[in-house]
Amino acid sequence: MEPVILGLVLGGLYALLAQSFVLTFITTKTLNFAVGEFVALGAFATIAVSSWSWLPSFGRVAVGFLAASVVGALAYRFIVLPFTTQGEHDTRWLLSTVALSFVMLNLITNVEGPSPQRSDTARISGSVDVLGVGVSKQQLLLAVLAVVISLILIVVSQRTSIGLVMRAVSQDPETTSLMGISPRLVGMGAYAVAMGLAGLAGVLYAATVGASPVMGAPLLVASIAVAVIGGLGSLWGPLLGGALYGVLSEVASFQYGAIWGETAGLLLVIAVLVWKPEGLLGRRMEVKL
Amino acid sequence: MSTIEKSPPTSAAAPEPQRPRSHVRSALRGDILFAVVAFGIAVLAILPGRDGAGTSISTMQLVASMAAMTVAAVGLNLLVGYTKLVSLGQGGFYAIGAYASAYLTLDVGLPPLLAILGALALCGAIGAVVAVSSMRLRGPQFAVITLVLAVLVERILNEGNAFGRLAGYPNYAEHDTTSMEPVSVFGITFRPPMIAGEVATVMVPIVVVTVLVLIIARNIAKSPWGSSLSAIGESEMLAAHLGVNVFRRKISVFVLASVLGGLGGVIVTQAFAHLQPETFDIYLTITIVLAVVFGGSGTILGPLVGAVAIVWLEQSDILAEIGSFQQENISDTWYLSTSGLVGVLFILTLFLMPRGIVGTAGQLLATVVRKSAADPDAASTEGSASTADHPAVTTTASTDQHARVERPPVAAGADTSESMLRISGLSKNFGGLRAVAEMDLAVDGGQIHAIIGPNGAGKSTLANLLTGVYQPTEGTVTFLGRDLTGQAPHHVSRAGVARTFQTPQLFHDATVRANVLAGFADTGRTPLWAAALKPPGRYRRDAEMRAEADRLLDLVGLGDVADLRASELPYGKQRYLEIARALASDPQLIVLDEPAAGLLATESVVLGDLLLSLREEGFALVVVEHHMDLVARIADQVTCMDQGRLLARGTPAEVLSDEAVVAAYLGKPHEEGTH
Chain A
8 MEPVILGLVL GGLYALLAQS FVLTFITTKT LNFAVGEFVA LGAFATIAVS SWSWLPSFGR
68 VAVGFLAASV VGALAYRFIV LPFTTQGEHD TRWLLSTVAL SFVMLNLITN VEGPSPQRSD
128 TARISGSVDV LGVGVSKQQL LLAVLAVVIS LILIVVSQRT SIGLVMRAVS QDPETTSLMG
188 ISPRLVGMGA YAVAMGLAGL AGVLYAATVG ASPVMGAPLL VASIAVAVIG GLGSLWGPLL
248 GGALYGVLSE VASFQYGAIW GETAGLLLVI AVLVWKPEGL LGRRMEVKL
Chain B
34 MSTIEKSPPT SAAAPEPQRP RSHVRSALRG DILFAVVAFG IAVLAILPGR DGAGTSISTM
94 QLVASMAAMT VAAVGLNLLV GYTKLVSLGQ GGFYAIGAYA SAYLTLDVGL PPLLAILGAL
154 ALCGAIGAVV AVSSMRLRGP QFAVITLVLA VLVERILNEG NAFGRLAGYP NYAEHDTTSM
214 EPVSVFGITF RPPMIAGEVA TVMVPIVVVT VLVLIIARNI AKSPWGSSLS AIGESEMLAA
274 HLGVNVFRRK ISVFVLASVL GGLGGVIVTQ AFAHLQPETF DIYLTITIVL AVVFGGSGTI
334 LGPLVGAVAI VWLEQSDILA EIGSFQQENI SDTWYLSTSG LVGVLFILTL FLMPRGIVGT
394 AGQLLATVVR KSAADPDAAS TEGSASTADH PAVTTTASTD QHARVERPPV AAGADTSESM
454 LRISGLSKNF GGLRAVAEMD LAVDGGQIHA IIGPNGAGKS TLANLLTGVY QPTEGTVTFL
514 GRDLTGQAPH HVSRAGVART FQTPQLFHDA TVRANVLAGF ADTGRTPLWA AALKPPGRYR
574 RDAEMRAEAD RLLDLVGLGD VADLRASELP YGKQRYLEIA RALASDPQLI VLDEPAAGLL
634 ATESVVLGDL LLSLREEGFA LVVVEHHMDL VARIADQVTC MDQGRLLARG TPAEVLSDEA
694 VVAAYLGKPH EEGTH
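As you go down the protein sequences, you meet chains A and B in turn. So that you can map any letter, position 161 of the first sequence is 168 in the working numbering, and since no number is skipped, the others follow by simple counting. So that you can map any letter, position 347 of the second sequence is 380 in the working numbering, and since no number is skipped, the others follow by simple counting.
There could be a bad hint or two in this list.
[Claimed, not checked] These stretches of chain B come out as covered by chain A in the derived footprint (C-beta under 8 Å, 3 or more residues): (1) 189-200; (2) 381-395; (3) 682-691.
Just so you know, the hints here were simulated from the structure itself, not pulled from any lab data. Treat the numbers as computed from the prediction; the structure is a model and nothing was measured. For glycine and all other residues, C-beta sits at the position ideal for the given N, C-alpha and C.
If we strip away everything but chain A, and leave its shape as in the complex, we get (with noise of 0.2 Å):
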């Protein structure tokens, strides 16, 4: 039992993540794989104002996630955006996202040293009893608001005209500008809000294993892996993925040993990308000729 509850809780930090993967899919069918280094943004960005005692530690908190999020936007606009106008089969976002995670990293490593840093920020001491098994209050948290996060995004796109912008630029961009709404603009609000939650989780993962410029890099590929097996048009999709992703990693590494833990995680993305491309809850498009 004990290992279904870690990874249960260990699946929230994860999905909390791709949900930043799939916000940026589901409008501009592109991903972010420098997102670990917004992760690391973040954490940095709530240490540097964490002397400010004026400020509340909730009002630190909103610093790590805006300075993530304004960053994302123009990282949208600037790196992502010039490299996606080729069509359907253009993939040059790819590799300008992958260089970008390059050069974040260096020059978060460069500014700030490479050993981790102590963030008290939004630190939540001691654990509570699940079901019989200790869970710290800090992981509780990421969990929970991976879930409440979810459920506001879900009900955010489907009850909302910002969601039936969001969801009519996913299928067709170029109709919806001609609806008089800028793509372009959605784009760097969905970055916006992607890589602020990104910075988000950066914050309160920071708070249990300190900020170091290599946080994110570990949690890039889990999360990226839980977003493809949930399925990547798919805002509850994270949940599903995060849950199983962070379930079976747990159970095998507690059976097998920590190399196992991550293997059969990764395994498990093969195998549903083999068995649905889609995702678990992704819906299949038919290809028109």
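Position chain B against the provided structure of chain A, taking the given hints into account.
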């Protein structure tokens, strides 16, 4: 002169025996020149190490790193550059090749050469598994699955005890040494560049292998096998219609790329005799992608140029100097060092040189060449444009007699009592929508069967059912007595059915001639070994195909623009080009999906002449068309569909005056939309 006879290529070449032979000779000359220059450069590269001077060690190591990166990048280029599948997993195969060849030698105890072969086979096998499991994926999902592989490999190397983890491989704890024994074959020991005074003999096989890989990759890229990769990159559906088994070919190319990635790793093992897991990280896999993109993806020399440039940049002091320059002049902390600068270089390449060094240089060269060539020709090109607008008119008149003799026996030989194409009871449901319902159709050689109907009538779906894009829900398709029901597009194409598309599907960056060349059955049928090794027969066949392609281009009136890029053709001519490509596969039946869409009235007339001349030659044509004047002029039989069903059938005059047909189009029985 321009007939579409189905004669054997030798007799086609008969009137001009000089041309094919001179093509063979110039192709052979080009290949030999490439090999000689490549080997010459390779010799020059390892010349500094000939006496084993201590000062040459670092140079030799640099050359070895460049060679390893080149081999891996050449493999990746086949995927990224030609097939347009962005793989982030090449670093994984590189690592597998390096570690497996070392592990099989040291821990398993295989003879070194066998260990290397085993490592390559392992890379191929893993590549095959990944390929099979990712075949339905494109774009980001494919990148993700390959990235997952690279990460898995990195984790296993970093955390698997068998590989010494951070102590590297081999290491003292397990092998009592930190470097591998040099490989000995037939009494020759291939020493790595490590110890001063010892000649680094391993450099010879390293550069030889690198040059051979380059030659093989060049052969493949220029072969029909290579054009099938470009076809897949353009559109898998198009490739399938050119007779390519897309599934198998994608697996082959991925396996080939994986083996080459592994070979790069093998070179590293041989050159450095020791492996550290942290050198095989994600950064490596991205660097290989960068080498391809920076050098020029989809070009023959791009991976070489890119790999050499990137390795040199990383090993030289330039990037470090730029880093310290920033520190001194801008900020002590806000600066970029090597990996960040590589990232910037990557982004700048994508912005400024999307074709990479080689691609951009080639483009500039082509522009210069064309400018100097264009001036005297300008007038004649302009002049020929008007005559080229009426290509088929003249040819038809002059070739009628020859053509009729040559063509029909093939069709007649199959079964005279039955039609060439027979469709019966064909239906297709999309969910609840019945797009095609119980259609029957029979077409014979030398016949044009037009299919008309309002938008959404199911015409294109019928064409797609015919060529295997969709599986029919019910009914059968028989072609030349063979059952083609539900066969994949490449089977249909190989059976002798060619098609053109509603929007021309061309290789826009390739020349007009190359587009036609891709249409030959060779694109789907050439085996990989023949493409790679280029046996003598290949030269002859290439020359034949070239002559035939030029003949087909003359036929459709594009003879004088054969060297232009396809995207430079006006829209109407792109349609003729597509027809020429369809003819190249030597079909019996051609399915044309709205060939006149977007054509000017005059162009449409020329198209009609061309189609009529094809009919004269014995081809069966199924033409989905909206232009009623064209249909009325060329069709022997017209089928009008409405809501998936047969509405009317008969001669053009009958169908176009049918009240139901007119009603379906206009909703008013007294107005005719045909003139």
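Hint numbers contradicted by this structure:
Checked against the structure, the only hint that fails is number 3, while the rest are satisfied.
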